[in-house]
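Novice: The residues making up each chain are set out below.
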Amino acid sequence: MQPLHKRPWMAIAAVTVAAAASGTATWAAFTPITFGSREEIFEIPKGTWARRMAGNKVEILPSRIYLTLGIRDVLLLKNQDDVPQIFGPTLMMPGQSFRLPFELAGSYQFACTAHASGQMTVVVDAQPDTPWGRLVWRARRIFRVVA
Amino acid sequence: MRYATRIVPLCAYMLLSMTAHAAEADALKAGIFNPARDAPEFSVRGSDGAPLILSRYRGKVVVLAFGYTSCPNVCPVTLAVLAQAHRKLAALGSQVQVIYLTVDPERDSAERLKQYLAAFDPTFVGGTGTDAQMAAVRKSYGVTAEKVGTGQDYAVAHSSFVYLITREGKLRALMPFGHKADDYVHDISMLLN
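Residue numbers (the numbering used here), protein chains in the order written: chain W, 1227 to 1373; chain Y, 46 to 238.
Just so you know, the hints here were simulated from the structure itself, not pulled from any lab data. Honestly, I wouldn't trust all of these hints.
Stated by the list, open to error - Below, a list of computed lysine-lysine pairs in the BS3-like style, where the Cα atoms sit at most 25 Å apart:
id : chain 1 : residue 1 : chain 2 : residue 2
1  : Y       : K133      : W       : K1272
2  : Y       : K159      : Y       : K133
3  : Y       : K74       : W       : K1304
Said to hold, decoys possible - FRET-style restraints, in silico, Cβ to Cβ:
id : chain 1 : residue 1 : chain 2 : residue 2 : range
4  : Y       : R132      : W       : A1247     : 25 to 31 Å
5  : Y       : D83       : W       : R1290     : 50 to 56 Å
6  : Y       : I98       : W       : T1347     : 47 to 53 Å
7  : Y       : K133      : W       : T1347     : 55 to 61 Å
8  : W       : E1285     : Y       : K184      : 22 to 28 Å
9  : W       : P1310     : Y       : P121      : 29 to 35 Å
10 : W       : T1257     : Y       : A177      : 55 to 61 Å
Glycine included, C-beta positions come from ideal geometry on N, C-alpha and C.
If we strip away everything but chain Y, and leave its shape as in the complex, we get (with noise of 0.2 Å):
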């Protein structure tokens, strides 16, 4: 009887969990990872001038964006969308932090991060660190990046997904490119309740 009493709540919670994610994964826009594992951890130079550390964002849902600011194409696409979600979100997203480290460190300072990205929202912090370092974070989240190209105007062709990280620090989502700002709104959330 007293087994009862524990395995009965037990299983009561695991068939909820169960139900829960498969719900959050029939609903979400993004890409699902089931089980979501953690996220790497990464340590590098902030554009705000403070070092950018992901588990100080503990408590807020992690928009994580890989690109460079001579992107042509996709990086301000992706951005512009990140801006108009964050916009639409209003209250919410003080519980949001977009991030967004640089696949070209080589040009990519944290200066010109800063004021690349206070054109899209000033709330962005963008990363930065030696190609070793940054390569280390790419290669822990799959994300590729090639130069392209000789001289001062070469091109880095990068992962153009967007990952989602919860606000315990979970690797939960992948966003692929393309996807309008009202199914960030959703997935975030979604994460965020």
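Just chain W, same shape as in the assembly (with noise of 0.2 Å):
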């Protein structure tokens, strides 16, 4: 095998990758988080309820939630479909949403039919307010979208 000064463009590639690296986690660091709107929505489309009346297997609602405070601390709920929904911790009637916002860090369980372990949980943390916090916030994140 060639060392790399003898490979120079390997040793370019492997400096470029570095700095795009330190840069986006420094980026990630830094950057305070902000979102356009604090609400996080989850929403039952329009033939829901006849779409599993028919024997199909519909998830909207994921059985674990994550918010976080100050940043995207509330969670917005709707029933767009035509039918009376139990829709996370409560019933909603078709059209109607329901907005509930958090306030404190913490694990919050709620009794959701929905769901096959008939709970629902939202995780609440709290505001990442150092670098490294940033960081991991961000990361997880992006593993929970991709996950």
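Since each chain sits alone in its own frame, please combine them into the complex, following the hints.
Specialist: The following block contains the structure:
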């Protein structure tokens, strides 16, 4: 195998990747976390009940929801279907929405018949206020979206 | 021109109404239903000896909780918080009615509910009825209750949130378990005003 100094393109590529990773990490650590809205929205689309009655498995609301104080700390549930639905912690009429704000970090358990476990958990994290905290928060969010 | 004189005030009213609802949604500590629907009516046996009919409390803010007198943890905490909130509301407390409906009608008689609630606040009213009656009320509010265990010492796993019903009888908000008395005082005061 040739030493690195004899393959300059590899050295350039390695430096470029390292610089990009370092830049991304710096941005993730020092840029404040902001969203346009503090609401995390989940919606039952029209026709969901009919699809369930037809035997289709329809998952709308995850059994575990993650929120962060000061950033995204309001759960907004909407029932756009034509029939009443137990959605999260409560019974919602067609066209009705339910907006639940959180002010304390913690893990909140709600009975929810929409899930096989019969339970829904809302995990509310404190707002990350250090560079490391913001970096970890962003990494976790990407992981949860991808997973 | 005639239409304009009607439409402009109507639009202004709609705008003000929407703004008021948005402000309320932003301000309440509890979860908000939008639009608020009519709170499902019920008529059960009251712990005060009279029939307990929800619509009789129109004009007051009704704080509606579900539970049972043998509940080891959630109900005592909820009722203690509600009693504290009721005391803090002082004079406004007379415009508020706390109703506690049992999820265990098998054991909770009207007399037992009365005795239990009096330990927290003598103005609280309890409600019981047949299994079928209470199950129907629970269903209309989306409240779950499931018997756990057998024998005389069974428990009932039940929804722990509390409903807030407006003076007009609208099911406006739902307070999850764990909120403090001050949060109830805050929200009830807003609903009264």
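Novice: Compare the structure with each hint and give your call.
Specialist: Hint check:
{"no.": "1", "hint": "Y:K133 / W:K1272", "result": "violated (44 Å)"}
{"no.": "2", "hint": "Y:K159 / Y:K133", "result": "holds (22 Å)"}
{"no.": "3", "hint": "Y:K74 / W:K1304", "result": "holds (19 Å)"}
{"no.": "4", "hint": "Y:R132 / W:A1247: 25 to 31 Å", "result": "violated (59 Å)"}
{"no.": "5", "hint": "Y:D83 / W:R1290: 50 to 56 Å", "result": "violated (33 Å)"}
{"no.": "6", "hint": "Y:I98 / W:T1347: 47 to 53 Å", "result": "violated (37 Å)"}
{"no.": "7", "hint": "Y:K133 / W:T1347: 55 to 61 Å", "result": "violated (31 Å)"}
{"no.": "8", "hint": "W:E1285 / Y:K184: 22 to 28 Å", "result": "holds (24 Å)"}
{"no.": "9", "hint": "W:P1310 / Y:P121: 29 to 35 Å", "result": "holds (32 Å)"}
{"no.": "10", "hint": "W:T1257 / Y:A177: 55 to 61 Å", "result": "holds (58 Å)"}
Violated hints for the displayed structure, listed by number in ascending order: 1, 4, 5, 6, 7.
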